[in-house]
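K.L.:
Taken in order, these protein sequences are the chains called A and B.
This note's numbering puts the first residue of the first sequence at 1, with every later residue one more than the last.
This note's numbering puts the first residue of the second sequence at 1, with every later residue one more than the last.
Any given hint could be a false lead.
Claimed, not checked - Derived SDA-like pairs: lysine to any residue, alpha-carbon spacing no greater than 25 Å straight-line:
| # | chain 1 | residue 1 | chain 2 | residue 2 |
| --- | --- | --- | --- | --- |
| 1 | B | 124 | A | 51 |
| 2 | B | 124 | A | 48 |
| 3 | B | 415 | A | 42 |
| 4 | B | 90 | B | 472 |
| 5 | B | 418 | A | 29 |
| 6 | B | 123 | A | 51 |
Bear in mind the hints are in silico, worked out from the structure with no lab data behind them.
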Amino acid sequence: MLAFLIRRIGLIIPTFIGVTIAAFAFIRVLPGDPVLLMAGERGVSPERHAALMQQFGFDRPIYEQYLDYFFSALQGDLGNSLVTKRPVWDEFFTLFPATLELSVCAIVFAVAIGVPAGIYAATRRGSWPDQTIMGTALIGYSMPIFWWGLLLIILFSGILGWTPVSGRISLLYFFKPVTGFMLIDSLLSGQKGAFSSALSHLILPTIVLGTIPLAVVARQTRSAMLEVLSEDYVRTARAKGLSPLRVVGIHALRNAMIPVITTIGLQVGVLLAGAILTETIFSWPGIGKWMVDSIFRRDYPSVQGGLLMIAVIVMTVNLIVDLLYGLVNPRIRHVR
Amino acid sequence: MRKSKLLMATLLGATMLASGAAQSKTLVYCSEGSPEGFDPAPFTAGTTFDASSKPLYNRLVEFKRGTSEVIPGLAESWKVSSDGLEYTFKLRQGVKFQTTEFFTPSRDFNADDVVFSFERQLKKDHPWNQYTAGIAWEYFDGMSMPDLIKSIEKVDDNTVKFVLNRPEAPMIANLAMDFASIMSAEYAAKLEADGKKELLNQQPVGTGPFKFVAYQKDAVIRYAAHEGYWGGKQSIDDLVFAITTDASVRQQKLKAGECHVAAYPNPADLEDLKADANLQMMEQEGLNVGYLAYNALVPPFDKTEVRKALNMAINKQSILEAVFQGAGKAAKNPIPPTMWSYNNAVQDDPYDPEAAKKMLEAAGVKDLKMKIWAMPVQRPYNPNARRMAELIQSDFSKIGVGVEIVSYEWGEYLKLSKEKDRDGAVLLGWTGDNGDPDNFLAVLLGCDGVGGSNRAQWCNKEFEDLIQKAKVVSDKAERTKLYEDAQVVFKREAPWATIAHSVVFMPMSKKVSGYVMDPLGGHWFDGVDIAE
Chain A
1 MLAFLIRRIG LIIPTFIGVT IAAFAFIRVL PGDPVLLMAG ERGVSPERHA ALMQQFGFDR
61 PIYEQYLDYF FSALQGDLGN SLVTKRPVWD EFFTLFPATL ELSVCAIVFA VAIGVPAGIY
121 AATRRGSWPD QTIMGTALIG YSMPIFWWGL LLIILFSGIL GWTPVSGRIS LLYFFKPVTG
181 FMLIDSLLSG QKGAFSSALS HLILPTIVLG TIPLAVVARQ TRSAMLEVLS EDYVRTARAK
241 GLSPLRVVGI HALRNAMIPV ITTIGLQVGV LLAGAILTET IFSWPGIGKW MVDSIFRRDY
301 PSVQGGLLMI AVIVMTVNLI VDLLYGLVNP RIRHVR
Chain B
1 MRKSKLLMAT LLGATMLASG AAQSKTLVYC SEGSPEGFDP APFTAGTTFD ASSKPLYNRL
61 VEFKRGTSEV IPGLAESWKV SSDGLEYTFK LRQGVKFQTT EFFTPSRDFN ADDVVFSFER
121 QLKKDHPWNQ YTAGIAWEYF DGMSMPDLIK SIEKVDDNTV KFVLNRPEAP MIANLAMDFA
181 SIMSAEYAAK LEADGKKELL NQQPVGTGPF KFVAYQKDAV IRYAAHEGYW GGKQSIDDLV
241 FAITTDASVR QQKLKAGECH VAAYPNPADL EDLKADANLQ MMEQEGLNVG YLAYNALVPP
301 FDKTEVRKAL NMAINKQSIL EAVFQGAGKA AKNPIPPTMW SYNNAVQDDP YDPEAAKKML
361 EAAGVKDLKM KIWAMPVQRP YNPNARRMAE LIQSDFSKIG VGVEIVSYEW GEYLKLSKEK
421 DRDGAVLLGW TGDNGDPDNF LAVLLGCDGV GGSNRAQWCN KEFEDLIQKA KVVSDKAERT
481 KLYEDAQVVF KREAPWATIA HSVVFMPMSK KVSGYVMDPL GGHWFDGVDI AE
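Looking at chain B on its own, in the form it has when it is part of the complex (with noise of 0.2 Å):
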């Protein structure tokens, strides 16, 4: 009887959700790759934010679409302190919770939601430090905001107050990024109360523009635009993500009009995709660097003479044709052009092989052997580090240096490429977090980086000063002005060869209006809008 009922109650479910599907207007985006769950705070990749804090959350600033410029979101406005420990922000008013089969909110957004969602983060011992078994706040440990933060206060219900242990200027974007997305406390306390917290991570609540419907696992992921969206209810009804892990099969799913949207095409597919006169495509350099780190540590490669030398004997016009097939544009600072701060007065080493060659020998450098790390995975920055290892190898060898090409598993090749005394000068690239310079210039060039993310190894005193006094001013032109210096810095110095940056595709349906790329990488749908 039971069975039968719900049998029922399923039909009736179903067909009424097709009769509306069938009105509504729906856009189908052909995704990646699974999402590792829909709270956004315990993960790391790109598809999990893509799926869940984009379309479902928001967070107390956002980026403005299409830069990695902040602006206010949950936060109408925000004050920072003079000694830059106090962060005070204001919180929106008549903000929605999604209404949900699974949940109705009974409140506005208010300050409680944001002590909650970065409390369960902050503190181990909060209810929800460890609410399924082995979870971990990768992005919010991994970005030091434990050591960073002192104090999440609720001063009154619109108003929170970040306290810090220590200035730190890029504190405003971290707050803009995905682990920081704003869960609603009082869907957790219910939760709580039916002992079933590990839902928090299963069926999302939030305030962003669509509300989460279902997610059959590995295959097709269903929101709804919300209806009480505080930025409007958003022109399409329903959003899908058909997911799709091989770039030739959405290639061709776009190409039948079976989505509208597709991520990641194949290089090799982009010509063929930009002669469909359905089909439109986007295209925007990506917020990453690909680059050779050599080891400042290890003679020879401690003179700047020769790791210039070396930088000058690299071909990237070839590597950007055989590696990146069209899809790079070369790299000459360690940031890329579309982050703020960029100096583009900087002059790139021009490619030069005898004059590399005569430098090497001013330098008193003879014979040099040496290897090269190559990644064993594909990443955005670097879609084949073995052929472009190759690439060098042959480069080098135009100059007398011997280059053997090594590879390890990608763990181990992390591990293993932050030693101090690592031979050899290793592949590796970077993927922006927060449009923040600090994230890339202090991360991977900073001195507390060696042996760790600096796999340079390289620690200049005048470079550091830079970085370090850019993090503590909050003056945006005057942080500008000290992260040009530090790229002029950097190319004099050498410690990498700065190889490319990728740029990213999107090929989308010529019905498809009103999509933004992120230059940070994310895919946004909110303000997206289908012909008919």
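Pulled out of the complex, with its shape left as it was, chain A reads as follows (with noise of 0.2 Å):
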């Protein structure tokens, strides 16, 4: 298990210098430059523009600015934002609680219901409920995310008035953030109603941005659910005369959900990309609206240190996943 765990970990190392680098690239080969963007009409002298580049420190030999980007952030210093001149990294933290509290909702809200789903599906193939399952999961995951979650304000909050519009939580309620979760925030505040405010404030973003995974999860476990209630053992479990639930739910769920679990793993980079959509349609303080506006006004420092933190955070997630793989399947311990 160690090697494994060696080996692994060996492999962040080479993958980290590559985010570092296409962080850095991707925001420089977009045209334009932020000094230009910050003017607008108004416009800026050439000698200006000279100036605030090399203010900004962006007449600098290329490699020299990588170099500092890359062993500032193995620091933790990610630079300040060119936008709003706080640090990076404090942007950062202050955003992200909001879109992981969001991001845990939408995959319990995805495994919840997409691996039930998925297990009925597989165990009445071809009958007309796994067809609608099906069905529905390949809407689900075709459905453009903007027009969803407005469909489902309209709906929701328009019409039936049953869920707030948008926002973390009613602005009736004022608590300074202590972990800057809002369901637990909310219940330290103590204030009455807060909490279940939060609450319904999650409900239609975590379903908007729990579709596609959900729908990705509930064909998966389908798929490998089948692949498994067609084995000899689970052939030989039934012949023993274990009752369905038992042959199903212990004996075939255990290694349908190998798949499974690498799945919702690789859900963790789709659950960031849906958070963007998501977070701009619902007003959602995190880091995908940030990244965003941080992509239009060309700020280098954040769009080059949020792509690395993000990319850091799924790459922490995969090894975690791997890891767990390595412990619910012993064989890939050694063939790797």
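Fit chain to chain and form the complex, with the hints in mind.
P.N.:
Okay, here's the thing in structure tokens:
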């Protein structure tokens, strides 16, 4: 296990370096520069443009800028945002809890519904419930998030008035963030109704962000389950006269879950991508919306710092999934 | 132990605030974006100014609400020397800075605050010139203030003198702009002593009608009425900005009663909002202009007749319908109708493709091929440049002019469109900064702007003499006459096709009263009330 762990961690180093190069290069290959965009129609004289580029350090050779970014990043310094002038690190961690809270809810939602739905569809293969579930999953997978989000807002918030339109909590409640997670902070605040307000604000964004992972998890569970159900050992279990619930729920599910865990791990990247749109629609103050704004403003430090942080998070989650996978499936540890 | 104490304090504070909030009058404004910071001077975005300079600060002079007319603010009166080089301001006395959780002022506003607020932007060696990494004084520098201002002197506690390097009539209007907001020198000194200079941009203190309470990044900004405000305490107790970037979501929030006022509705949603029995809709022409600038240095666009003929081929009405969807008004002058000195006597070029065709033939232009530049972004003065360019392309094809539409990334677009040998006519526009006609006519059409902000690359002596003269005389009636004449010259010479001024809509709950729209595009909440 230790050797496996070292091997996996060893793989992270080149990936990390690759990510820093990609994040650094990505924002710079986009045409336009932050100074021109800041000035807008008002414009900026060539002298002043040069002076500002120098002030921001963008006049230095590109490799020097990169090395500076790389070594500062290693020490946890991602520079200051060109827009807000605040440290990128602080900005990221002010916003990240909101994204994390939403992503965790979305993945819980996806697994809680997707796994049972997939199992049910697999055990009723070819029947109308199976076709309905898989058809719905396909629709869910192809749904444009933006449209889906607005549709839910118009129906549930606009017409029915059941859920709030956007934000993380009703504006009536005001408390200083302690953890940054609204569900926890609202409980800590002790204010009556704050927790249920935070929870009600989570419903629609969770559904919107969780829809694609839900579809993927349901489909993956179904196909993994089908494969396992056709294995000899399952037939043996059935032949021994075990109840269908025990066969499916214990014998088959454990093995079927292996690829599903990998899929769930891979959904982290999908969630972060989906967060960009979901956060924009629901005015959710997370890193997705922040990244988009930063790209539009060519806020180099925010983009390269934010991308790096996101990549590190995705890599860490994938590492954990790999390790879990190694625990669940002992073959993995030896094969690779 | 410390943690639990902190927790207790937080709980207690929050409970107190919540119980207070239940009885107080709160106005919620759904704003369109996050402020870049709370010190207005380093920034240029209207969204930042709405959240900083407008609720929190005052300036020496202010724009009279709903107009671009300048009235006394923190200065009660001012005198301009006969040579136009010295501006002496008599300051208002008894003006209090806000008392907040993080700062309690020990003195009233005085001349030190004024000197501090400007010198930090003017002097490169000022201890506050670079108070946080990467700061730049965009507006102050962009308006050429460092070249203009020679010195700012404290005459006594209640008198400040600005000495200029040259006479400049728009100076007073400049001082009403957001970057000229007055900060507290005492608060700055405290931050400096604490080694926390950067907080000036995060925990603001001003003399304005509201004081800062809290900002949750990208989500909510909270303000409370400033009890000691020199203009009197506001009727509303709390002002909340709910940051909501998507226009459709702002519309839904407004309809659901989650906010009382919302910024920038989608043109397509206007009918729905107007039909809502709980809402009212205010509208005003924006202080902006959208135009198509020819390149007057490149043939055949150096000929007035050619430019004039092309102008006559553009069907503005169809552009207003298709691009502005009713939220626009045809433009005939380079300045908007809400600005003083707007010359309403000027006749717009008639839409007459036949006559245009003949004019082109008479000018000896045949089979003309040209480029039209379409901006890649939405701007207040042009919601869809691509669509606009396509409509003009079709209009021009009717008089035998072939158009190729080109576009670049926004930063590149702004840069490349400045070049003197630019190929083609460029769609662009302008939103006024200070309500002074000089801010449109000199910036966009003055000879100094050729190769820069004068996208038409047009330098006309008659026009230039008029606007230069208007810059140095301080009599407003005389200035008005000069600018009116300049607009006549502009229309005759046609360096641009003036397309439209946008109309800005402001939907709000019927409970809201006292809201006045700002022709300069800002959102002000002092004087606003809300029915329970």
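K.L.:
Hint by hint, which ones does this structure get wrong, listed from lowest number up?
P.N.:
none
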